[in-house]
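Chemist: Read off the chains here:
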Amino acid sequence: MIGYQRLCKHEQCPVTRDGALNVHIIPHSHMDAGWVKTFDDYYYGTKSSVSSANVQLIYHSVLSELLHDKRRKFTFSETAYFWRWWKEQRGTTRATFRSLVAEGRIEFAGGGWVQSDEATVDYLQLLDQYTWGLRKLNDTLGPCGKPKAAWQIDTYGHTREHTSLLAQMGFDGLFIGRVEHRERETMIEEDKMEFMWRGSDVLGKMSDIMTHTLYNLYNAPEGFCFDFLCSDEPIVEDPDSKSYNADKRVNDFITQIERQAKYYDHDNIMVTMGGDFTYQSAANWFINIDKLINHVTTHPANMSDINIFYSTPSCYLKSVYLYGRRDKALYTEKADHLPYGSDVNTYWTGFYTSRPSLKYLSKRAHAFLQVVKQLSVLSRMGDSYELHLLRHAVGLVLHHDAITGTSQQRVANDFIRILSEAIEACSKKVSQFLSVLTPTWGGSRRPKNSQQFIICHQLNISQCRSNVLWTLEISSP
Amino acid sequence: MARRATWTAYPVRRSASLAVEHCVHEKETGPVLETKQDDFFPLAYDKHSYTSGMFTSRPTFKHFVREANVFQQTARQLQVVANLGNNDDLFEEFSWIMGVAQDHNVISGAMRPYVKDYYTEKLHLAVQGASVVITEAINKVRGSPTTTEYRLCYFNISSCPNTEVERFYIIIYNSLAWPVTMPVRLPILNKKYDVFDPLGHKIKAVMIKIPDHVMKIPKRRSKVEDELIFIAENIPALGFRSYFVEETNINRKKKSLIKKINKNSQKKYFIRQASKDNLTYFNDNENYDDYDYSKTETKVEFGDIGDVKVTNDNNNVITPKPTRSAQTTKSYDLTKPNENIQEVKNANDFGNDKMADNDAMKYDLEKDSYYSEESSDNFIKNKYIQINIDEYRKISSLNLSNGVNISLDIQFFYYVSDEPAKLNSSKRNPGAYIFRSIDSHPEPIIDDFETTIFKSNVVEEIHCKYSKYASLTLKLYANNPIVEVDWLVGPVSINDDLGKEVFIRYTTDLENKGVFYTDANGRQTVKRIRDRRALYEPYNLDHIAGNYYPVTSRIYIEDMKRNIRVSVFNDRSQGGTSLLDGSIDLMLHRRILTDDSGVQTFLNETENDVGIIVRGTHYLYITKSNYKQNRLFEKKFAKEIELKPQILISKLNRNTDKKKWIILKNEFSSLKTKLPFGVHILTLQKWQTNKLLLRLENYLEQVDVINDGIKKVFLKDLLKNIKLKNVTETVLSANINLKDWTPLQWQINGSFVKNFNDFYGNHKEEFSTDTLGPVRDFNINEAVVLVPQQIRTFIVDFEYEN
Ligand SMILES: [Zn+2]
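If you read the protein sequences in the order shown, they are chains G and F.
Counting from 1 along the first sequence, just add 906 to a position and that's the residue number in the working numbering.
Counting from 1 along the second sequence, just add 590 to a position and that's the residue number in the working numbering.
Looking at chain G on its own, in the form it has when it is part of the complex:
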């Protein structure tokens, strides 16, 4: 087993760019093993009056589209369908499929026999279905076909035990789609769309798994479902065409992904492009996603520096994992044992101490951001514009070249200004929050106008301009 990663070119994950918003486009198709039709009906496309779903067509269509362009990638999940398809293929088709897997262009996520339910199943049967599915992948595709991301995108609720089992199966991360509406709001407020989930108290770390909550269930952004099942407009990029819409469509897309970017704490986002039994006519999708990628990349309005590319769940995990990491070198050394390889050339040491003061400010700002976020939750005041400002500023500084201090002085000054303004704005907000939270006479929750809190941001030079000094009582460092 050792060393197989060299053969499976997983280092061919797309190159992300520090400082840019890296947009991972994940083409995928969600295939239930039974619902309105049986497994066989879904596979062969029979009972088309009930549902047009046709899994064998999806496999063929995706396979031939992937051959058109080396950049394209696709994520499959349910091994039961793959196995049925595989049994019916000739040697050459199998070889093609296998090489696409080895190149990291076809990836299996989850890889259980099906995407299992969690609420109602028994753990032994869960283990059996994962073992069976993963074994079939191993028998057919070899070690390169081994899924690294668990993929429970449509399951209605998630159990701790299932999570614990996934962690112990060696998955690097878990992607989930459905979260209770109110809990989702809280997760957004508390910056928990990605979180570390502990599946079992008794097993502790053995049962921990990084979990990503998908932004839009597992569907494409609004208006960008290019399947024949959807009626969204294709992208027309010929400026001479009367139907030209590329600018408008791309702007719309960028607006959506920038909104999404706010919900995650680093410079990678994952855009699922698919749905239930999509990609029967894979060309629809790939042609339009190609155009989207080209146009976003070259679009003059691409002010926010968006780096967009085809990707897979495991490449996304890798990018997030490596994001901002200093121990990339160490990681690379261990690559023999690790599913991910990493480029040696992403390894720098010089930036540790560049521009120490900016770093200090950004750390303070980050700490302050946590405080503001918590207070806004505690005081039930909800998300505010000021909080967005600070989140954005901290994100900007932390996530981009700024923090490494390699940027020019002019840029650095600009960052300092943005940070300071955001902190200033938020300080006022914090005062409001605290008024709400502080008990007043008679237990009233109404803000007491006379009460004001001023936050001292200059204690590092033991100076405070105000005569009211408040140390963050609940949240004090």
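Among the clues, some could well be false.
As the list claims (entries may be wrong) - Some chain F residues judged to face chain G by a derived CB distance under 8 Å, without partners named:
no. : residue
1   : 654
2   : 657
3   : 1310
4   : 1321
Claimed, not checked - Take a look, some chain G residues computed to stay more than 10 Å from chain F by CB distance:
no. : residue
5   : 924
6   : 975
7   : 1066
8   : 1089
9   : 1111
10  : 1114
11  : 1148
12  : 1151
13  : 1193
14  : 1200
15  : 1203
16  : 1211
If you are wondering where the hints come from, they were derived from the structure by calculation, not from laboratory data.
All C-beta atoms in this analysis are idealised placements derived from N, C-alpha and C, irrespective of residue type, glycine included.
Once you have looked at the hints, place chain F with the ligand on chain G.
Modeler: Same frame as chain G, but now just chain F with the ligand:
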């Protein structure tokens, strides 16, 4: 604010201090992840639409998948231990359907009827395939002709053509790694039968009447009205035992002959005894380090509890009283507490063979009587438990021999399912996923109430009919601390055009203060608090559907002050909750006339255009909550339900003969050494030629164990006749060698609490400090060490020893 703060304090407070620490004192490395330690249940689309219906939807399919699982595990084990030829195709088929059944639209019940029928058919075929493997293996082990056939019974309708005859034998296979004791019930002719164990000894058996409500199941064509009941004690681990059953009259006629046969057969039998693998299962359960049967609480001496009074100040207990009139159900005062709790005046009075108070016992059964009798007593009992009925003949209270007295009411109810369209509402429809009652009023089902008590030397039963479509049988087996509730629901009428969600409510006088516990996937238990969530504030929560959680094996409540725990174990996934203090609700069956998710069909299961009948079992267990031994018992018992030993019946055959039967090997265990208490052989299957997949599990939890709970198993002493050689340890899914796997090191914000259940609601902030140890190569000669809840997976090279 204070309330809100308590709910979220742990993530908030932790993250605040630690975020700053991270920022100031540590290097910035990668995203810092927040932590989560609870789960995502129940899922709601919006404030009106909780997908807590799927926990119960299609209850018969859910149960069939569970049953099929036992056959799959059994066939896999026997394939290995009996060294059979290649059966890969059969196992491939079985894995196909068992895998597909786990899909989030399949086992959840959200499929069209024809899809369900198709998969049910596939499951039947798979079980048949497994039976071929099982038959082959059993014949090989028993030394019986390869043509010997076995049959399965329709136990779900108490019907079995192969036992409704004068002579037959059964084989009970136990796939668990410890001996299991279980009651056996076989539909028989109205005659006296004798039951023989493999040594030819007659064992105690009784005949009891099949409940009326079971006999009326339309599908049940059998005319048979009685069941034979006996206790199969200590069925060997990873093995089986056979019992021979024969009509007594026949015995008498051939009495002299039988004696002779017995002599002969004894001789032959002892020859077989010489074979080295005979009877090596373990009857003695002593020396289990974490579990000492002799000390289980239910066996403690009866103390004088004359002054123990059952108090009755719980105003929440819903106990509708049956009346003669069928149409008055709605007028029951649901808030009226139960006033009829009986009280054990002197615990010494029961548990002894002679009853001190003789008026209570109208029928004194002869000690070895085969027949059961209808009794006019107002209680049933065994040496641990007494269950009383009140003047309305409704179950009213329960006493344990150790002085625990609780009130107990068992009642069926239904909620009318919401139909938004009829009410001009824009809410989503209920369906296979979504459960929403039209209002918060549960309708009691008690329009045709009737109670009959039957007593025998093996089991005492209360047959309780609540309505034409809802009834139950309460069973107390001798020497068994479990109360079995055999419930039956259906056909649920929809003549009023109302969809119905039928549930059963167990009401006690416990004060659980809104706290209850449900299991996750049959393993860990997760704490729930009524109307609350661990990490966020669920305002606008639907107080009914929003409090339902999946119960895949067990739900329990505890009264901390009175030190009592009441658990209900189930035989399939069901939605469960504790909406009123002291009560446990479990959703049994759903027949509704709307669709929620585009499957375009109603959850309206019928057979021949009539609503289906669902039958299942709940197991009630009541204990003092601080008694650790009994926690261990509960864990073990849950496994015995999950992998309940299955009964094979000899195929109807004129030549069935005890003489021929007794010379065969009728008792077998493939386990070489007794395993420590708490160790479960989770997987034993052929992996490749000469390779096994083996999973060992320590199913105990830290809170259960007395010592550290660490168990050791030596693989070389595991299986009889099978030599395990090289061992490779893998991750749980057996697709990565453990030493080739390095988990990613993510940065997290704060620490995990040591025990979520202790933290949630109690605010006990003790933090976990665990680290991951290095992985070493595993050597076959060393002990497999299993910490509580750990499962270890091995691919093992093996060879047969003879
Ligand atoms: Zn789905």
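Chemist: Does each hint fit the structure? Answer for all of them.
Modeler: To see whether the hints hold, each was checked on the structure:
1. At a threshold of 8 Å, the smallest CB-CB gap from residue 654(F) to chain G is about 12 Å, leaving the interface hint violated.
2. For residue 657(F), the interface hint is violated, the least distance from its beta-carbon to any beta-carbon of chain G being 11 Å, above 8 Å.
3. Proximity of residue 1310(F) to chain G is violated relative to the hint, the smallest CB-CB distance being about 23 Å (cut-off 8 Å).
4. Against a cut-off of 8 Å between C-beta atoms, the interface hint on residue 1321(F) holds, since the closest Cβ of chain G lies about 4 Å away.
5. At the 10 Å boundary, the C-beta of residue 924(G) stays outside the reach of chain F, the nearest C-beta of that chain being 12 Å off.
6. Listed as a non-interface residue, residue 975(G) keeps its Cβ farther than 10 Å from every Cβ of chain F; the least gap is roughly 31 Å.
7. At roughly 5 Å, the least C-beta separation between residue 1066(G) and chain F is not larger than 10 Å, which violates its mark as non-interface.
8. Distance check on residue 1089(G): its Cβ comes as close as 5 Å (rounded) to a Cβ of chain F, failing to clear the 10 Å threshold; non-interface status is violated.
9. At the 10 Å boundary, the C-beta of residue 1111(G) falls inside the reach of chain F, the nearest C-beta of that chain being 5 Å off.
10. With a closest Cβ-Cβ approach of about 8 Å to chain F, residue 1114(G) is found to fall inside the 10 Å limit, against its non-interface label.
11. No Cβ of chain F approaches the Cβ of residue 1148(G) within 10 Å, the least distance being about 37 Å, so the stated non-interface status holds.
12. Non-interface status of residue 1151(G) relative to chain F is upheld: no Cβ of that chain comes within 10 Å, the nearest being about 31 Å off.
13. For residue 1193(G), the non-interface assignment is confirmed: its Cβ lies about 29 Å from the closest Cβ of chain F, beyond the 10 Å cut-off.
14. Consistency note on residue 1200(G): stated as away from chain F, and its beta-carbon is indeed over 10 Å from all of that chain's, at 29 Å minimum.
15. With a minimum CB-CB distance of about 25 Å to chain F, residue 1203(G) clears the 10 Å threshold, and the non-interface call stands.
16. With a minimum CB-CB distance of about 19 Å to chain F, residue 1211(G) clears the 10 Å threshold, and the non-interface call stands.
Consistency with the previously given hints fails for numbers 1, 2, 3, 7, 8, 9 and 10, ordered from lowest to highest.
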